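Line by line, the protein sequences are chains A and B.
According to full-length UniProt numbering, the first sequence is numbered sequentially starting from 1.
According to full-length UniProt numbering, the second sequence is numbered sequentially starting from 1.
To be clear, the hints were calculated from the coordinates, so they are not data collected in a lab.
One or more of the hints may lead you astray.
[As the list claims (entries may be wrong)] No farther apart than 25 Å at their CA atoms in a straight line, the calculated lysine-lysine pairs in the PhoX-like style are these:
| # | chain 1 | residue 1 | chain 2 | residue 2 |
| --- | --- | --- | --- | --- |
| 1 | A | 194 | B | 90 |
| 2 | B | 58 | B | 113 |
| 3 | A | 113 | B | 70 |
| 4 | B | 241 | B | 181 |
[Unchecked claim] Which bits of chain B does chain A cover? Going by a derived footprint, with three or more residues having C-beta under 8 Å, they are:
| # | region |
| --- | --- |
| 5 | 5–15 |
| 6 | 42–54 |
| 7 | 112–123 |
| 8 | 186–194 |
Small disclaimer: the values here were computed from a predicted structure and weren't measured.
Positions of the beta carbon are idealized from the N, C-alpha and C atoms, including for glycine.
Protein chains: 2
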Amino acid sequence: MKFRRSGRLVDMTQYLLNHPHQQIPLTFFSERYLSAKSSISEDIGIVKETFEGKNLGKVETSAGATGGVKFVPVIGNEDAVRQVDQLCEKLEDPARILPGGYLYMMDVIGDPKAMQDLGRVIASHYQDAGVDAIMTMATKGIPLAYAVAQLLNVPVSIVRHEQRITEGSIVSINYVSGSKKQIQTMSLARRSLKPASNVLIIDDFMKAGGTIRGMMDLAEEFQATVAGAAILTEAVHEEEKLVSDYVSLTRLTEVDVKERKITVKRGSLFDAD
Amino acid sequence: MKFRRSGRLVDMTQYLLNHPHQQIPLTFFSERYLSAKSSISEDIGIVKETFEGKNLGKVETSAGATGGVKFVPVIGNEDAVRQVDQLCEKLEDPARILPGGYLYMMDVIGDPKAMQDLGRVIASHYQDAGVDAIMTMATKGIPLAYAVAQLLNVPVSIVRHEQRITEGSIVSINYVSGSKKQIQTMSLARRSLKPASNVLIIDDFMKAGGTIRGMMDLAEEFQATVAGAAILTEAVHEEEKLVSDYVSLTRLTEVDVKERKITVKRGSLFDAD
Chain A
1 MKFRRSGRLV
11 DMTQYLLNHP
21 HQQIPLTFFS
31 ERYLSAKSSI
41 SEDIGIVKET
51 FEGKNLGKVE
61 TSAGATGGVK
71 FVPVIGNEDA
81 VRQVDQLCEK
91 LEDPARILPG
101 GYLYMMDVIG
111 DPKAMQDLGR
121 VIASHYQDAG
131 VDAIMTMATK
141 GIPLAYAVAQ
151 LLNVPVSIVR
161 HEQRITEGSI
171 VSINYVSGSK
181 KQIQTMSLAR
191 RSLKPASNVL
201 IIDDFMKAGG
211 TIRGMMDLAE
221 EFQATVAGAA
231 ILTEAVHEEE
241 KLVSDYVSLT
251 RLTEVDVKER
261 KITVKRGSLF
271 DAD
Chain B
1 MKFRRSGRLV
11 DMTQYLLNHP
21 HQQIPLTFFS
31 ERYLSAKSSI
41 SEDIGIVKET
51 FEGKNLGKVE
61 TSAGATGGVK
71 FVPVIGNEDA
81 VRQVDQLCEK
91 LEDPARILPG
101 GYLYMMDVIG
111 DPKAMQDLGR
121 VIASHYQDAG
131 VDAIMTMATK
141 GIPLAYAVAQ
151 LLNVPVSIVR
161 HEQRITEGSI
171 VSINYVSGSK
181 KQIQTMSLAR
191 RSLKPASNVL
201 IIDDFMKAGG
211 TIRGMMDLAE
221 EFQATVAGAA
231 ILTEAVHEEE
241 KLVSDYVSLT
251 RLTEVDVKER
261 KITVKRGSLF
271 DAD
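With these hints in hand, go ahead and build the complete structure from the sequences.
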C-alpha cells in the first residue's frame with residue numbers, strides 16, 4: 001500500500017510517539033511507505049517542526065548510512081510548571097488530610113493521564129542521563145514509574161517489602177526507615193534488573209528518604225549506577241534527609257491538621273529556574 | 001499560529017492518540033488551528049483513513065451542533081493473535097520455571113511496551129462495555145491495569161492485601177484463595193472507587209479464580225457493576241473455577257517441572273474465533 005504524504009505524516013506521527021527514545025533508520029520508513037528517502041526526510045522535517053513548535057518533544061535526525069530519526073519526549077518548562085502548579089492546587093484540598101497528617105493521593109496516582117503528564121516532566125528532566133532501567137517501590141510508585149519508563153523506553157524493576165516466592169532468587173537488604181527509625185527489608189528479584197544498569201529511582205512520596213536510600217543501596221547489590229531519583233511529593237522534614245541526589249515534583253511544606261490547612265509548592269526539580 | 005494541513009495532521013494525530021475515548025468537538029480543533037470546520041473535517045477524514053487502514057484504531061465522527069470526533073483504540077484480530085502468540089512462545093522458555101511450578105513473568109510485566117500492546121488487546125475487547133473504572137490487585141496486576149485504563153480513559157483502583165494507614169477509610173472483605181483454600185483479606189480505600197461504577201477487573205495471573213471472585217465481591221460493596229475481568233495468564237486448573245465471566249490473553253496448560261517443559265496457548269479471549 002503506497003501512502004500519500006498526508007497518510008505518511010499521520011502514520012509517522014503515531015509510530016514515533018509509540019517508539020520514543022529509539023533510533024529508527026530512514027530505510028524503515030521508506031520501506032514502510034514505499035517512498036523515496038528524500039520524501040521521508042521532508043516528512044520528518046514537517047513532523048519535527050510541528051512537534052517542536054507545540055513543545056511535544058524533540059525529533060532528532062542523524063545523517064549518513066546509519067542515518068535515522070529519534071523521538072525524544074520532552075515538555076516545555078512553561079507546560080511543566082503549569083501542570084505541577086495545578087497538582088499543587090489539587091493537593092492543597094483540606095479534604096485530603098488523613099489521620100496522622102498523611103495526605104490522600106490515590107486519586108492522583110489512580111489517574112493514568114495525570115501519571116503520563118507528570119511522567120513526561122520526569123522523563124524530560126532525565127532525557128540525556130542514559131537511564132536504562134527504572135526502579136520503584138511497590139505499590140504507589142508503580143504508576144509513575146511505568147509512565148516514565150514508557151517515555152524513556154526502558155524496563156521497570158519493582159522492589160517490594162515482602163519476599164514473594166514466585167520470582168525465584170531474590171536479593172534483600174535491610175534498611176532503616178528514616179522517619180520511623182525502624183529496620184525494614186526490601187527485596188528485588190535477581191532476574192528483574194540487569195547487572196550494571198544505570199537506574200533511575202521513582203517513588204510517590206519521600207519523607208526522610210530512607211526508602212530511596214534503601215533502593216540506592218539495593219541498586220549497588222546489582223552493580224548498578226544510580227542516574228538519579230525522582231519523587232512525586234516530598235515532605236519537608238525537620239531532620240536531615242538521608243539522600244541528596246534527588247528531584248521532587250512537589251513539596252509538601254505544611255500539614256496543619258488542626259487548622260485543616262495543607263501547603264504544597266513546586267518541588268526541587270524547578271529550583272534552578 | 002496558523003497551521004497548514006500537514007502540521008494540523010501531525011498535531012491532530014498526537015492529540016487524538018493522547019485523548020482516547022474522548023469526544024472532541026470540531027470547534028476545539030478549528031480554534032486550535034484557526035481553520036474552517038470544513039478543513040478540519042477533511043483532516044479528520046485523512047486521519048481516520050490512515051488509522052483504520054493501519055488497524056491503529058477507530059476514528060468515530062458525529063455530525064450536528066455537538067458534532068465531534070472520538071478516537072477508540074482497537075487492534076485488528078490478526079495483530080492481536082500475532083502479539084499473543086509471540087507472548088506464548090516467550091512464556092514457554094523453560095528457564096522460567098520456578099520452584100513450586102510457578103512461572104517467572106516479571107520481565108514481561110516489567111516491559112512497559114509489552115503492557116501497552118497487551119493492554120490494547122484488552123481495551124479493544126471491552127471498547128463498548130461502558131467501563132468507567134479499572135480494578136486491579138497489587139502488585140503485579142498494576143502495569144497491565146494502567147495500560148488498559150489509559151486506553152479506555154478511566155481511573156484505576158488498586159486493591160491490596162495489606163491494610164495501609166495512609167488512605168483513610170477502607171473497605172475490607174475476606175475471601176478464600178481458590179488454590180490454597182486459605183482465608184485472606186483484601187482492602188480498597190473507600191475514596192478510590194466512585195460508587196455505582198462499571199468496573200473492569202484486570203490481573204496478571206489466575207488459577208482457581210479466588211482473587212478475581214474476591215474483587216467481584218468487593219466491587220459489590222461499592223454498589224459497582226462488573227463489566228468483566230481480563231487476565232494476562234490463566235493457569236488451566238483441574239478443579240472448577242470460582243468465576244466464569246472473564247477472558248484471558250494466554251493459558252498456561254502445562255508446567256512439567258521434571259521434564260522442564262511449559263506449554264502456553266492463546267487464552268479465552270480468542271475462543272470465539
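Unsatisfied constraints (hint numbers, rising): No numbers; nothing is violated.
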